[in-house]
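Asks: Take a look at the letters that make up each chain.
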Amino acid sequence: MTITGNTPGNIPGPGKDPVALLEEAGFSLDALNEEQRDVITSLTEEEVLLLLSLKKRFDVAEPEVQAHTGIYAGGSMF
Amino acid sequence: MSEYVSGSEFTTGSPSSVSTSTTSTTSVVPRGTALRLKIDVATPLLRVAMSTYWRSGDPGTRYIEYLQTMHMVIRASVPLMDLAVSRCAELAPYEPAAVTLRSYLIRHIAEERHHDDWIVDDLRATGFDPTALLAEQPAPVIAALVGSQYYWVNHYHPVCLLGYIAVLEGHAPSSQLSERLRAATGFPAEAFRALDHHADVDDRHAAQLYQLLDGLPLTASQDAAVGVSALHTAASLTELFNNGAHRAHAPHGPNPPVSPVPQGARP
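So the sequences go chain by chain: A and B.
Okay, so the first sequence: first residue is 1 according to the numbering used here, each after it adds one.
Okay, so the second sequence: first residue is 1 according to the numbering used here, each after it adds one.
Everything labelled a hint here was simulated from the structure, so no lab data went into it.
Incorrect hints may have been included.
Stated by the list, open to error - Using C-beta positions, here's what the derived DEER-type ranges look like:
id	chain 1	residue 1	chain 2	residue 2	range
1	B	R204	A	S53	28 to 34 Å
2	B	D117	A	D59	34 to 40 Å
3	B	T100	A	A25	33 to 39 Å
Stated by the list, open to error - To spell it out: a stretch of chain A is covered by chain B in this simulated footprint if at least three of its residues, at any positions, have a beta carbon under 8 Å from a beta carbon of chain B; those stretches are:
id	segment
4	19-26
5	36-45
Even glycine gets a Cβ: it sits at the ideal position worked out from N, Cα and C.
Chain B on its own, in the form it takes in the complex:
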């Protein structure tokens, strides 16, 4: 088992100099446990943001806006993993961790594929015209949340993606949220397929990720990069939900629906 060794030096994390830092060992904690702990430090603020979001404004409007936002996020999930798989293939001859990471990502791609399509179906079940989904430019905070991963995977190391996945899957919708939204919105059960699925499986997915991390032979710099990626994700996600809550409380109310575009049209 690879372990988190306390006392590691601050590193600059230069992509070309990913190396194991000098350490002064006082105790060891599995890498997955260490990452979970780092995320836990940020979690209370994220929880407040999520809770505030769900208690703001009209529940039906909230839920439709939420699905639109999540579509902007998760339509990039499989493409991000595809990119990371390609980068792992490049690194595999030199880094054993890249071989293991690539196998994990290939399995996870199969588990996550087409979930963005589920959201489209869920939106349709609420009565929202999903042809509007691609007409709206994703907000800067979404570009910061998702786009940073494209940068780090492409220009630093694909292992960074694990920090992103750990936070997103580790803060999945609860089953109670789904029940409450059904009651509050009156939307049919067909409108909650993506929400129910993620409530059901993401805890297990997150546990699998932490288990993977425990066994990955990462350098100290790569380990720290996963932590930075996770905390950046937590911060961006907190901002995302805060912004949504503020929009609901703004004098002009939430954003008006985007005008539908013809089927198949691109913005």
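The following block holds chain A by itself, in its conformation from the complex:
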């Protein structure tokens, strides 16, 4: 939901729509259908903060690097 109130800048909180915040940060959410968009709209403040932090810290790959990620490699184990 959209929380009422004001929070300055690209920070989740009152008055901030998670979809807008994530798109401002550079996440590409254009392809989401309405149901999927509802899920993102309902992200908690903590979830949005984690995504914004992830983007800020690691979105530094060169276009050349990103272009080479077409083949999925993976690698995590549980």
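Position chain B against the provided structure of chain A, taking the given hints into account.
Replies: Then chain B, alone, in the frame of chain A:
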């Protein structure tokens, strides 16, 4: 089927006040589908980190370092699930979800047991002395990745572990990775047992987890906690692979091998 209800309020998620938040329903999405979507938002950065890692430095060195790192992670998997099973038993009289979660975890423990031993065998097949495995302190990012789950399971709710498992099993090594590494490293087939197994079964395990989530009667706070756990896992995993790639590109190269310790010795 339990469903993800859009429009839920932000919650503080206090452990003692896990409750269903007020909602204004506009549409419903199964919980598992909703979690998958949240993870998908973070996935492109994780994929870049993994891809960069595998393209950095000498393939053999990469693979040995990877197995060492994964051993640090998955040697905690069964102990984490054991802890979560204990916590579910405590909660079961009050929470129906804990009963279902406990059954799932008990089944999954049987599926995951001794996989850390497989990695030891794989490392030995590469020529690496596995007695060095326990001599190195796991990096802070590994403590953040794994240790957060111990905290959340023990001091909040065991359902958090599902977010962790969903990300790790949802980004398993691909079968193509195994083929490429075999060709690039020249290591024998015996060096890829753990990699091949996880490439083979983890997609199915992840699907089973999402199906479980669809049926779990979670509160909105617990549902959100699974999402936070998953996104924290994705962020830590991204950092883990990024750090590995940076080490390979550092002027001094990757970390030197740790000095072996005597068999059975503890650090």
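Asks: A separate judgement is required for each hint: does it hold in the structure or not?
Replies: Evaluation of the provided hints:
1. Between B:R204 and A:S53 the Cβ separation comes to about 31 Å, which falls inside the hinted range of 28 to 34 Å.
2. Remark: the range hint 34 to 40 Å for B:D117 to A:D59 is upheld by a beta-carbon distance near 37 Å.
3. At roughly 36 Å, the beta carbons of B:T100 and A:A25 sit within the given window of 33 to 39 Å.
4. Only residues whose C-beta sits within less than 8 Å of a C-beta in chain B count toward coverage, and the segment 19-26 of chain A has 1 of them, not enough to reach three; the restraint is violated.
5. With a cut-off of 8 Å between beta carbons, the segment 36-45 of chain A has 9 residues touching chain B; three or more are needed, and the interface restraint holds.
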